[in-house]
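S.K.: Chains as they are written, first to last, in the numbering used here: chain A, 1 to 429; chain B, 1 to 299.
One or more hints might be untrue.
Just so you have them, the derived chain B footprint on chain A, three or more residues with Cβ under 8 Å [stated by the list, open to error]:
no., segment
1, 97–111
2, 178–187
3, 268–274
4, 389–401
5, 405–416
FYI, nobody ran anything at the bench for these hints, they're computed from the structure.
Note that the Cβ used here is the ideal one computed from N, Cα and C, for glycine as well.
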Amino acid sequence: MFMKKRKLLAAMLAGVLGVSCFTGCSSEPKTEEKPVITVWCESANESMSKFMEAFKSDDFDVDVVYYSSEDLKNQVRIALASGEAPDIMAANTGEFFNSIMTAGQALKLDDYAKKYGWKDKVEESYLDSMSKDGTLYGLPLQTQSAWGLMFYNKDFFDENNLEISMYPTVAEITELSGKIKELGKQPIALGNMDMWPGMLLFGDFLTQENGQEMIDALNDGSEAWDDSETVKKCLENIAQLGQNGCFQTGFEAQDHSVAIESFVNGTSAMMYMGTWWLTYVDGGIDNLDFEYATVASPRMEGVEVSNSAQIWCNQATFVNADTEYADFCAQYIDYLASDEAAQAQYEGAMQPTFSPDYNDNKLVIDPQLADSEAFETDYTLPRVNYMDWNFATSVTEAVEIEISKLMVGDTTIDEAVKEIQAVAAEELE
Amino acid sequence: MKKKGVKAVIPYLYFLPMAILLAIFVIYPLYSLVATSFTKWDGLSAKEFIGMKNYVKAFRSEKFWYSMKLTFVWTLLSILILQPVGVLLSVIVEYVVKRRRASGVMRVLFFLPMLMSMVAIGLLWQLIYNPSLGLLTSVLSKLNLIDIMNPPNLLGSRSTVLAAAFIPTIWQWSGFGMILTSAAMMSIPSELTEAAAIDGAGKFNQFFRITLPLLMPTIFLGMTINMIGAFKGFDMLYAMTAGGPANYTTLTSIFIYKLSFTENKFGYACAVSVILILIVIVFTMIFNAAGRKIDERFT
């Protein structure tokens, strides 16, 4: 009898518990939850992060997730492969974004581009690499970073009566590096651990005499790496700089952030870096202990002004083709393409933004950078993508490895181009 | 009859959760790895079956063999150095340091690096080694042992980078060997050494003729664990050198990572992974067989 009662009581309690679980907050008034679109992007500077998160809409909310550059690439790839990708993502252009477009994983943006007038709002010259077969899949919504410049500690140069021309040759840089070392400083700060700086140095030499045509020819196989005199000449100049001690000791095994630190703290007298280094200075560029100045990167013999310049406005911001909220995503992308967004970017980076209107109407670069003839000239040249995004990644990897070896004399020019050509030929198959 | 049948099933039910976990997290990924190794896949578009091409490519690739060579050197260093240093540390802690509290503190100090993140250690040592800004240059130049304009470039030179990158591994992993050996030392009956002492054996003989032989199975176990760890070695080395300069520290694990996440060749990377797994299995089997012989010989 007692057992029966206990069973009954237990059943009643379980019933009550079950009902309360399912009813939960049923007495609360029902509220329609707004959809949330998720945005994955590269870690932004503070003012841009604030801007991205400040978006308000009656129709939807936005959740912004930041990743470091390398993490973002991996996360985007894994998410797309598993079908769990967010609504909006950013990806490096070049082979990676090309494979996303080819796989049909990015939403076609042509209709939205017309509706919101995006082609007028962003730098047109970058849109080709974010399009396939004439269809637009992404927008370049970051700042424009120039490569192809060198920065030097003007105070140190003035104190020691050192001179450098606006377009210094490799021979001039070699001689200057020797003098700098005698004065107890390291010459050019460079961080080639991740090997892309070496690739961009190669790009600087390549764009001095050639431009996109040469890159296309190497890509489609009409110019072989081991037959190209231009390629060999570029590699020879890189080898000269590396083997003649123009870069600071240890450049092979330090990354670019350590190189920036080395220039900023006065260990190195010069630095070879993209213009985005300005954002790396603790407390802002005003906190730099010395005045810096800008010259062009080392020139090959007989070249002053380049044929084209490596300037890029990455990354491709694109919409997941499977998103449920395509219209909301377009609305948010339009927010990121506004003049206010350009303003936020400039405040954080002090560099030209994605917006041609904003760049034309406002002072958009650090004044010390703006004073440089080399910088100004670069911005008038035909633009090519940063060199590490121009070739198939396996070819890029091969070029980077051979450059690293050349810089320390571990291979010859002929061996290097042969290695690269082998990989390029395999890629063409 | 029915009850007997149910009873027979019950033991398998206990096993079921682990079997499910094993199937999800080990067997399926392994199957997927092998299946992908026969395809051409960039990680985004559809997989294309290409048979054995990835394996043929790997066996013909100089880069693959170079990475295998580096992996074997790294593994050999791990087998020959980590556990013996661990034994040395345990001897210091258990025999040389007399005070109980001091030996406890030392044990903690030696083991502490094991608790640190591999990536953090890689970055830390990269900075220590940095010729322009690093601690090593700073200390050596203060002691007037180097010319500040020509500091040692340990991570930047082909001839020194692998050895320099291995030093943090010793610093981190020897503590593991020490704990393993210390635990084994404590389990050796004191009667054995006491009897030997009565028979006139000194400390040296007690250690080399009694303690060390009894430790051999444990030392060998430590070596096996270090061998498996070395074949998989990635995090710290990648954080410290990213496989460079050039590809001078690109062990097979880093080679696989670069193939997958830099070159987007997932099919090829899977084939190289399968080869690496098979090599690890073969070496583990050899080590296990040798381990059994050592067990028979010393216990």
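S.K.: Next, verify each hint and record whether it holds.
M.R.: Here is how each hint holds up against the structure:
1. With 5 residues having a Cβ less than 8 Å from any Cβ of chain B, the segment 97–111 of chain A passes the three-residue criterion, so the hint holds.
2. Note: the segment 178–187 of chain A has 3 residues with beta-carbon separation from chain B under 8 Å; the three-residue rule is met and the coverage holds.
3. Against chain B, the segment 268–274 of chain A contributes 1 residues with a C-beta closer than 8 Å to a partner C-beta. That does not satisfy the three-residue criterion, and the hint is violated.
4. Check on the segment 389–401 of chain A: 4 of its residues sit with their Cβ under 8 Å from a Cβ of chain B, so the three-residue criterion for coverage holds.
5. Restraint check on the segment 405–416 of chain A versus chain B: 3 residues with Cβ-Cβ distances below 8 Å, three needed, restraint holds.
Violated hints amount to a single one, hint 3; each of the other numbered hints is respected by the structure.
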